[in-house]
Structures are given as C-alpha cells and as structure tokens.
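Residue numbers (the working numbering), protein chains in the order written: chain A, 40 to 364; chain B, 3 to 497; chain C, 35 to 340.
Among the hints, erroneous ones may be present.
Short derived list, chain C residues pointing at chain A, Cβ under 8 Å [claimed, not checked]:
| # | residue |
| --- | --- |
| 1 | A60 |
| 2 | T61 |
| 3 | N85 |
| 4 | Q87 |
| 5 | M88 |
| 6 | F178 |
| 7 | G278 |
| 8 | Y279 |
| 9 | V281 |
| 10 | I300 |
By construction, these hints were calculated from the structure, which means they are not laboratory data. Predicted model only: the values in this text are computed from it and were never measured. Note that beta-carbon positions come from the ideal geometry of N, C-alpha and C, so glycine has one too.
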Amino acid sequence: MAVTTHAAPPTAAKPRSGSFRPIALELWHDKAGMIGFTVIVLLILMAVFAPLIAPYDPAIQSVAARLKPPAWLPKGSWEHVLGTDQLGRDVLSRVIYGARASLLVGTSVVLLAGTFGVLFGLFAGFKGGRIDDLMMRLVDIQVAFPGLLMILLIISAVGPSLSTMIVVLAVTNWMIYARVVRGIVLSVRQTPYVEAAEMIGCKPGRVLFKHILPNLTSPLLTLGILEFTNIVLAEAAMSFLGLGVQPPATSWGLDVSNGKDYIFVAWWLITFPGLSISITVLSINLFANWLRVTTDPQEREKRFARLKAVERRRNGAPAGAPAKA
Amino acid sequence: MTLIRNLLSGVVFAAMAALPAVAASASEVTIAIGSEPSTLDPQQRDDGGERAINDNIYETLMARTPAGELVPGLAAAAPTQIDATTWEFKLRPGVTFTNGEPFNADAVVASVTRIIDPALKSEQMSYFGTIKSAEKVDDVTVRIITTGADPILPSRMYWMKMVPAAYSKDPNFATAPVGTGPYELDSWSRGESVVLKANPKYWGGAPAIDQVNYRFISEPGTRMSGLMAGELDVITNLLPEFVASVPKSEAVQGLETSVIILSTENPTVKDLKVREALNLAVDRKALAESLFSGYATPTKGQLVNPRAFGYNKALEPYPYDPEKARALIKEAGAEGKTITLVGEAGRWLKDRELIEAVGAYWDAVGVKTDIQINEFGEYLNQLFDKAKRPDAIFVVNSNELLDADRETSFAYQAGGTATSNTDKELAEWVIAARTETDVAKRQALYDEVTKKAHDNYYLVPLLNQQDIYGFSKRLDWKPRVDSKLLVKEMKVTEE
Amino acid sequence: MGAFLLRRIFQGMLVVLGVTLVVFVATRMVGDPAKVMLPLSATDAQRAAFNHQMGLDRPLGAQFITFVGDLSTLDFGDSLWQRRPAIQIVFERLPNTLALIGLGLGLAVTLSLPLGALAALRPGGVADRVVVFGGLFGLSLPQFWLGLLMIMFFAVTLKILPTSGVGGPSHYILPAVTLAIPSLARLMMLVRSSVIDELNQQYVRTARAKGMRFHTILFGHALRNALVPFLTLAGWEFISALAGYTVVVETVFAWPGLGLTAMKAIERSDLFLLQAIVFTVAIMIVIVNILLDVLYKLIDPRIKLA
Numbered sequence: 040m041a042v043t044t045h046a047a048p049p050t051a052a053k054p055r056s057g058s059f060r061p062i063a064l065e066l067w068h069d070k071a072g073m074i075g076f077t078v079i080v081l082l083i084l085m086a087v088f089a090p091l092i093a094p095y096d097p098a099i100q101s102v103a104a105r106l107k108p109p110a111w112l113p114k115g116s117w118e119h120v121l122g123t124d125q126l127g128r129d130v131l132s133r134v135i136y137g138a139r140a141s142l143l144v145g146t147s148v149v150l151l152a153g154t155f156g157v158l159f160g161l162f163a164g165f166k167g168g169r170i171d172d173l174m175m176r177l178v179d180i181q182v183a184f185p186g187l188l189m190i191l192l193i194i195s196a197v198g199p200s201l202s203t204m205i206v207v208l209a210v211t212n213w214m215i216y217a218r219v220v221r222g223i224v225l226s227v228r229q230t231p232y233v234e235a236a237e238m239i240g241c242k243p244g245r246v247l248f249k250h251i252l253p254n255l256t257s258p259l260l261t262l263g264i265l266e267f268t269n270i271v272l273a274e275a276a277m278s279f280l281g282l283g284v285q286p287p288a289t290s291w292g293l294d295v296s297n298g299k300d301y302i303f304v305a306w307w308l309i310t311f312p313g314l315s316i317s318i319t320v321l322s323i324n325l326f327a328n329w330l331r332v333t334t335d336p337q338e339r340e341k342r343f344a345r346l347k348a349v350e351r352r353r354n355g356a357p358a359g360a361p362a363k364a
Numbered sequence: 003m004t005l006i007r008n009l010l011s012g013v014v015f016a017a018m019a020a021l022p023a024v025a026a027s028a029s030e031v032t033i034a035i036g037s038e039p040s041t042l043d044p045q046q047r048d049d050g051g052e053r054a055i056n057d058n059i060y061e062t063l064m065a066r067t068p069a070g071e072l073v074p075g076l077a078a079a080a081p082t083q084i085d086a087t088t089w090e091f092k093l094r095p096g097v098t099f100t101n102g103e104p105f106n107a108d109a110v111v112a113s114v115t116r117i118i119d120p121a122l123k124s125e126q127m128s129y130f131g132t133i134k135s136a137e138k139v140d141d142v143t144v145r146i147i148t149t150g151a152d153p154i155l156p157s158r159m160y161w162m163k164m165v166p167a168a169y170s171k172d173p174n175f176a177t178a179p180v181g182t183g184p185y186e187l188d189s190w191s192r193g194e195s196v197v198l199k200a201n202p203k204y205w206g207g208a209p210a211i212d213q214v215n216y217r218f219i220s221e222p223g224t225r226m227s228g229l230m231a232g233e234l235d236v237i238t239n240l241l242p243e244f245v246a247s248v249p250k251s252e253a254v255q256g257l258e259t260s261v262i263i264l265s266t267e268n269p270t271v272k273d274l275k276v277r278e279a280l281n282l283a284v285d286r287k288a289l290a291e292s293l294f295s296g297y298a299t300p301t302k303g304q305l306v307n308p309r310a311f312g313y314n315k316a317l318e319p320y321p322y323d324p325e326k327a328r329a330l331i332k333e334a335g336a337e338g339k340t341i342t343l344v345g346e347a348g349r350w351l352k353d354r355e356l357i358e359a360v361g362a363y364w365d366a367v368g369v370k371t372d373i374q375i376n377e378f379g380e381y382l383n384q385l386f387d388k389a390k391r392p393d394a395i396f397v398v399n400s401n402e403l404l405d406a407d408r409e410t411s412f413a414y415q416a417g418g419t420a421t422s423n424t425d426k427e428l429a430e431w432v433i434a435a436r437t438e439t440d441v442a443k444r445q446a447l448y449d450e451v452t453k454k455a456h457d458n459y460y461l462v463p464l465l466n467q468q469d470i471y472g473f474s475k476r477l478d479w480k481p482r483v484d485s486k487l488l489v490k491e492m493k494v495t496e497e
Numbered sequence: 035m036g037a038f039l040l041r042r043i044f045q046g047m048l049v050v051l052g053v054t055l056v057v058f059v060a061t062r063m064v065g066d067p068a069k070v071m072l073p074l075s076a077t078d079a080q081r082a083a084f085n086h087q088m089g090l091d092r093p094l095g096a097q098f099i100t101f102v103g104d105l106s107t108l109d110f111g112d113s114l115w116q117r118r119p120a121i122q123i124v125f126e127r128l129p130n131t132l133a134l135i136g137l138g139l140g141l142a143v144t145l146s147l148p149l150g151a152l153a154a155l156r157p158g159g160v161a162d163r164v165v166v167f168g169g170l171f172g173l174s175l176p177q178f179w180l181g182l183l184m185i186m187f188f189a190v191t192l193k194i195l196p197t198s199g200v201g202g203p204s205h206y207i208l209p210a211v212t213l214a215i216p217s218l219a220r221l222m223m224l225v226r227s228s229v230i231d232e233l234n235q236q237y238v239r240t241a242r243a244k245g246m247r248f249h250t251i252l253f254g255h256a257l258r259n260a261l262v263p264f265l266t267l268a269g270w271e272f273i274s275a276l277a278g279y280t281v282v283v284e285t286v287f288a289w290p291g292l293g294l295t296a297m298k299a300i301e302r303s304d305l306f307l308l309q310a311i312v313f314t315v316a317i318m319i320v321i322v323n324i325l326l327d328v329l330y331k332l333i334d335p336r337i338k339l340a
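If we strip away everything but chain A, and leave its shape as in the complex, we get (with noise of 0.2 Å):
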C-alpha cells in the first residue's frame, strides 16, 4: 500500500509490518521515550491482570492491620509491601487496581471525545461553507464555556460515578479533535492533486479515505496521547474532590483523597498512588515526545497555538481563509 505524500500536514510512517523494525531501533535509541514506552506496556499488563498480580482484594479490610508501614520501615512488614491504609487495606493492591480507572477513564474519554470530534470535523471541513461556518461556531461556543466549573455543576447536579465521570469529560474534550481533523481537511483539500481529483469526478468517500484519512493518522494519534494524559490527570483530580470514582471502587486520585487526612502518620498513603499518577502522566508524555519528533516535526503547544491564531484570522475573515497548518 503506498501511501502518497503531501504537501500538506507531516505524514508518518505507517507502521507496517515493513517499517516497524527500523521504529522500534529509533525508539530502542531514545531512552527516555523507551523507559516511557516500557513503563507504559507494564501500566496496561498491571491494569489488565491486576486480580492476578495484587496479593489482596483491594477492597478487603482488616480493622486489626490498619496503617502498618510500608515493609522497609521498622514496623512493616512484607505481607504488606507498601504498607495499609486506614481500613487496612493493602496499599500495593489499591495501586495495581487504581490503574484501572485511569486507564479505563481515559482510553474511553479518549475515544469517545475522538470519535465524535473527529466525525465533527470531517463533516464541517468536507461541507465547507455556511455549514462549516455554523459548526466552528457551535465548537468556539462551546469552548468558550467555563469548562471545569460545568463538570462539577453537572456531575453534582447527576450524582457522581464512573460512567458520568467518562460522560461529561468526553463532553468537555471533543472539539479539539474537531478542530485538528477541520484544519487538515481544509488544508489537504486545497492541494492540488486533490482539488484534481475533486474535478475529475472522485467521489468524496473515495477522497476522504485515499486522501484525507492517511493524512490524519499521525497528528490524531500524537493528539489523542496527549488528551490521555491531560483525561487520567482530570480522572484523578476529580476523584480527589470526591466527584469522580466512588468507593468501593479505587482510583489513585481517590486514595490520595482519602489519604491526605493521614498525612502525619501514614505519608505512604498519599505518596504512592500519587507517584503512580506522575509515573503514569511522564512515561506518556515521554512517549509522546519521541513519537512526536519521530512523526510529527511539529510540536503539539505550537500547533495549538496556531490552530488559536488560525482560528482568530478566520473569525476575523468571514469569507473562510484556509488554515495554515
């Protein structure tokens, strides 16, 4: 399958079976983003098989063990590697498990934001014109909402819980992807070899999906790394405020919660899931930024950025100037 190059936004290198050899070389040469991606790999093997890795049920209390030390410390001891928390609870069997939540949370905030802010996209920058227009405008609108603010009116106004966590994130994220997938349909339509093809009676399925699609891949990919940082961030910064995960259920951001009013005796509490969350947060965007050199010259903050300035000269031109990617 050979995929043709354009002018237009960099294009990676579509890891085939062909081309994965000399990735996986480059990325083996990239330290940093090997440490990333390794730890990333254990991260979804921990989520996956977590009822056979954890040595607890991470639900299971015992009023007699609560607080005991992680095992290094005087008082701990190695039926308990990173010590109990206030229920007794097995510290390293909430970690393992907490991963889930992340992950859960944010691959399915990550697809579903994608997915519908993708399908957004395509749509507005396919149409084009008065149906473009309204589109953006209904994405700027949105935008332009008190976002954090929102979520906790309505999570509160719902009740919290896992699903509506994923709901209402997924909700609040989508329009980046829209933006990113309109700037490139735009852009990519104004070449010429695809303007040609338009001419010539291509149907615009076989446009989107000979063209467009291939053009996508990477910059989405990069993007949608990058959203599962920022979403496993939100997953655990709500679930401190008490408005995401509920319990029984465990989540990192939850325990560091219920951690915190221990801080003074039971620093291990707060210290673990929180290190798993940093962990988690770096491996990724260690990852990303090699993916991101590897694939993608550009940098994700400076095509935001000009996505905001493109955005800005459209407003300002009514008549629709095409994105400059």
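Please build the complex by placing chains B and C on the supplied structure of chain A, with the hints as guidance.
Structure of chains B and C alone, referenced to chain A:
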C-alpha cells in the same frame, strides 16, 4: 490571683486599645472551625460555624457544666413550674449587653418572641416548636408558656440565645452581634477570619484570653497541618490516629452516636432473626478499639446518648457472636441475600470507614451487603423518604438537648424523621413520653421504648463517639460534653 | 473593527445563553436543597415551607422566566447557605481567585520566556535537556498532590510558610507556585519550540550571514515572532484557570476563592450561589476572549479584523 489576672488583662486590654496594631499577645488563641458562619445572628440558622462563635458572645438562661449537668446561666436559679404549661424563670440581676442595653425580662420576652416569630423563619425552631409565648412578670421574672406539657423546656432554654430587645431589630444585627457573654466581636473578614475580643465588663469576670481568632478550615488534613505548623491553638474533630502526633489533645464523651436503621418491612431484613444476626455480627469493641483507637465506646443496645435523660441503664450491649449470627442467617434462609446499606462520606468522623467495616462484618456472616455511598443530597433523599425505606441506612445522631426525645422521635417513633419501623405501640409510648411531666414516669416510658426496640432489633446502634480536640502546647482546656468551644474556660501558658 | 466586535459580542451572547440553559437545568437537578439546608430533625412541613419560601415549588417554566429576568439585573437570588445576595459573595471571593491566578500565571509567564529561550539556544544541549525534562515532569505532577507535598515540606516540616488560608503575602507563595507549575511547563516548552523554529528560518540565517548580532536576532526577531503563539497559549491558560482549574489548588490550600466557594456551594446544594459563580465566570471568559482578539490585532498585523 484572679484579681491580679483581671487587672493584668485589663492593662493588656487598655494597651491593645491604644495600639490596635499590636498582635500576637500572649493571651490570644486561634481556633479552627469547619465552616464560616453564614450569619452571626444567633437565632436564625442552625449552623455549626455560627454556633461555635456565638456561644462566646451570647448566653442562655440555662447553661451546662462541662460534664453536661444543667445549671442556671442567665437565670438566677433553676425555673419553677407554675402549671403543666408554664415555667417561671428568675433572672440574674445587673447583667448588661455590650452595647449597654440591660438584660432583663423585656430582653427575654423579646428573644423568645423573636425566635418563634414565623417571619424570622428560624432554623432552630425544631428546638423550640413547643413554645407558645413569654410573659414579663416583673423586671427580673419571666414566664414561658408552652403549647402542651413540655418536660424538657429547661433544656430547650439552654439552647436559646438571649438577644438585646432593641438592637436585635437593627439590620446590622446579623453581622455585628451584641450579647451578654465573655467576648464581643472585633472584626469579621468574610472568607478569612472572625476575631473576638474579651468583654471587660463581663458579669462573670473578664476572661483569661484577650483575643480569639477563628479560621475556617473544612479539611481535617489542613487543620492538622495548621496545628502542627503552630498556626492554630485548637482544632476540633481530631482523628484518633493523630492523638500521638499533636502537641496536646483531649477527648470527651461526645453527643454523637452512630447507628444503622433497619427496615422492618423490606424483604430479608423484615425477619427478626436477620435483624438480630446483623446486630450480633458487628464487633463493636474491635471497631471502637481499632478504627477509633479507643476514642469511642460500644453502645449498650440503644441509640440514646448515655448522658441524656431517658437513657436505659438496664439494657445490655448486643454481644459479638458471629457463630450465632451465621446460624440465624441460615435459619432465616437469608444466606447470600443482598442487603442494601445506604450511607454517605465525609459528613461525620470516619463515616465511610465505619460503614465499610460494618458491611464487611455483615458479609462475614453470610449475607451480601451492597454498600451505597451516596452524595449527601441523595443520601438525605433516602434518609427522609417515608414511602420507601432502604434496607439499612447509616446515620450519626447528635443529641444537643441531651434528652431521649431527640433519639426516639428521630429513629424509634414510626413516622419519625428517619424511622424505618411501623410499630404503632412504640410510637404511642414515644408521644406519651414527650409530654409526660412526671420525671419517674417519663423515664419508665423511655425504658419501655428502648427495651422494645432493643428486643426487636429495629436498630443496629454502633458507637458513642468521643470528641477529640487537638491543642497547641500552650493551650490548657478541658473539653465539654456538649462540644461547645467556650473560650472563657481556656487558658494559655507562657512558653 | 466595529463589525468584528459586534460579531464577537453576538457570539459571546450565544455562549452566555448556552451557559444559562445548562446552569438552569443542572441546578434544578441538584438534590432537594431543603433537605441539605435544614437540620436533620426538621419536619416535612418545615421543609415544604422552606421550598415555598425559596420559590422552588413553582413550575420549572415559571422558574426559568424569573431566572432569566433576574439574570439581566445581575440578581441571582440569595445564597441559600449565607442568606444574602449570591452575587455579593461572588464579588467577595473573586478578587482572591484573580490574585491567585495573576500571581501564578505571572510567575509562569516571566519564568517561561528566559527558560524556553535558553533551551532553544542550543537544542539538545544540557540546558535544553533540563528544560524539556523539567517541562515534561511539571506536566506530570497532579496539582493536588504537589500542593500536599509542599504543605508537608515547607509549612509543617520547615515551618517557613503558612499551611493554608489567606493572610500576609507569604500565604500566596505555595498556592501560586502550585498553580503555576503546569502552565509554566506548557509555556516554557512552547517558547522553546517556537524559538528553535524561528532560529531555523531563512531570514535568521540571512541576517546572521550579513553579520547581525545574535542577541539582536534573538530578541529583535525570533522572540517577537514567537510572541503570538505564546500570547495565545498564555491567554488560554488564563481562561482555563478562570474556568475552574483553580478549584483543586483552592481546595488543597483552603483558599477562599471562587473555586472553593463553588465546591462549598455544591456540598450545600446552594443552587443560587452556584449559578451566580458559573454565570459570572462565563461572562468574564467571554470578555477576556474578546479582549484577546483585539490584542492579537494590535500585535500581529497579519490578523485582519474585518
């Protein structure tokens, strides 16, 4: 000694008045309270933050000793009962409000009339619903008339703060309070702090501490940090685990009792055997020793606070007997059946922990506990829903008036605020006890109420909780049974 | 310019309308305020009377009409919790939040320019590696966790900074730093990459070949051209902080700003206060957005405001 201290504090006071910028005098304390008062009108709201502050500014006709015994406050003596619905109070003479208004019969009549006036919409009306009116007899004698016989009127008057007759009509009253108490308001910066200064003309003698700063901190961890960092002198609701870490701490038997209310109608729990098993399954002693590090005591088969009037001394605590509980569950055919346990988190000390621990005990004897920790609003919906009672619902009851009427009308009497049984006989007893003025008969009625509920396992009473306070090293104070933060009882020692 | 402004204002009004609708629907779904606001022992009759007094027992349509009518006069009703006009509380707490954001973002903006530029001077060098890793690290720290750790270290262990609340200038340090870290990381990385890009541009090579001094190029051209994306991102950071991203920091540090007040309002089901907060913030965001647009026009002549 007292004279010297009074003189000294008078001097300090004069100095402070002359040099208002001088801060951090030796006799200044900083107290953390959970929430900012919504108003400083002492009669309007039922608000813990307001109460913590106004307890030092205002006073009541009746007061309590630190141990909880009812004693005269602004009244000169205990009231006398003229007839079933009339109580007569003699007032302490010569007391004035800090704005110069006299405290006399007119002030008492004004205070009573004001709080029961429907126009004020006072949230404290649940304490004063039985009061009909107040009449002045002479300058230092007042009669309070109730709608029906009300044996606990003296306790109620321990809750009603006395306000100045004229100034309480002023629109500024809610932000600039004026009382008869040992302290007066110095400043209130919204969102930040309330500062009180000693009332030098206090009838009980000027207090030892000249200035009180209140800060509003809702997070227990943040309060703890403040205490450890030396910014705070008093914090409330200290977690038992921290007793060893803080500079100083004191605990006292509190007003709060945790309980799980069982439905007598829902499937599974309507079986007496199941309800008995749910009581036998819980190791209250272990919960008190471990979860509360000993700062709680197992209840003795009832919800009524041990210090309250109407407490049944004859009842035995439910034993911890998981074997028997398991057998009972089996006998009732309830093995593996689901019991929904509704609760909330964060409102009361270790509420979630306690709920989850009880759930685990129940699971251990063969039922399946479905714990539903709800957001507080939704939790209250379920607590108050009279039509559809949850199988089991957790609540912590607080008995400010220290009278069994509170617990029995809350969780025993069918149709009560949070009751889940439909026992008509029990309800009749509760109603009869409410208006019985003969002390012995009244006690006997409550004994019957608590005995019957005990034998029918309507409730799973858990623990009488202690209030634990954390202090800075320099603070000296014995906390009170009624949880009031009375600064006039505190002292600071020089470091 | 006039037409452009009109367009933006019209769009802003649409935003406000959308927010109004969502707020109205959501606040009417928050649990029954009477149950939360009144003591546990209150009777049903007392609760019904409370709802009646607050107008919460009227049909939704009637409530909405009153709602919109009152909004136009900035009347959001009295806070159920504090029994005084909600807008009054908002205006009391807003300065605290703005001060926190101002200080935090000010810190992020002033530090990010030199750090980002320093890193860009020699991509791949030591300074660059430190900045890039520091940036990624800063982006990975959950703020609530960072805040707790800093309280433990600076306030409790070292006792050099206050633990929480407002007071003297020292009270600002920990919350502002906590708020600044992620913004600083993002801005710093942006400055770095834009300056690297600019330094690679043809005009820079030409200028250097002509013998122009490097710092003239850096400060005169590269940084100036990097300014538009930088301002865009800084503006976005400001807006998202305003949009509620201070809630976590305010909660951790018991900072009496809008975010903490919003959390309290949620806890107490205080509809009127909550809607006043959300609504005020929405209007502020609309205004800031319009101001930013005008600012771009002034900075970057390429942007045409029709």
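Going through the hints against the structure:
The beta carbon of C:A60 comes within 4 Å of a beta carbon in chain A, closer than 8 Å, and the hint placing it at the interface holds. Checking C:T61 against chain A: minimum C-beta separation of about 7 Å stays under 8 Å; hint holds. With 8 Å as the threshold, the beta carbon of C:N85 stays out of range of chain A, its nearest partner Cβ sitting at about 17 Å, so the hint is violated. Checking C:Q87 against chain A: minimum C-beta separation of about 22 Å lies over 8 Å; hint violated.
With its C-beta approaching chain A no nearer than about 17 Å, C:M88 sits outside the 8 Å limit, and its interface hint is violated. With a least beta-carbon distance of about 5 Å to chain A, the hint placing C:F178 at the interface is held under the 8 Å criterion. Using the Cβ-Cβ criterion of 8 Å, the hint placing C:G278 at the interface with chain A is satisfied: the shortest such distance is roughly 3 Å. For C:Y279, the interface hint holds, the least distance from its beta-carbon to any beta-carbon of chain A being 5 Å, beneath 8 Å.
Interface hint at C:V281: satisfied, since its Cβ lies 6 Å from the closest Cβ of chain A, which is below the 8 Å cut-off. Because the smallest distance between the Cβ of C:I300 and any Cβ of chain A comes to about 4 Å, under 8 Å, the interface hint for this residue holds.
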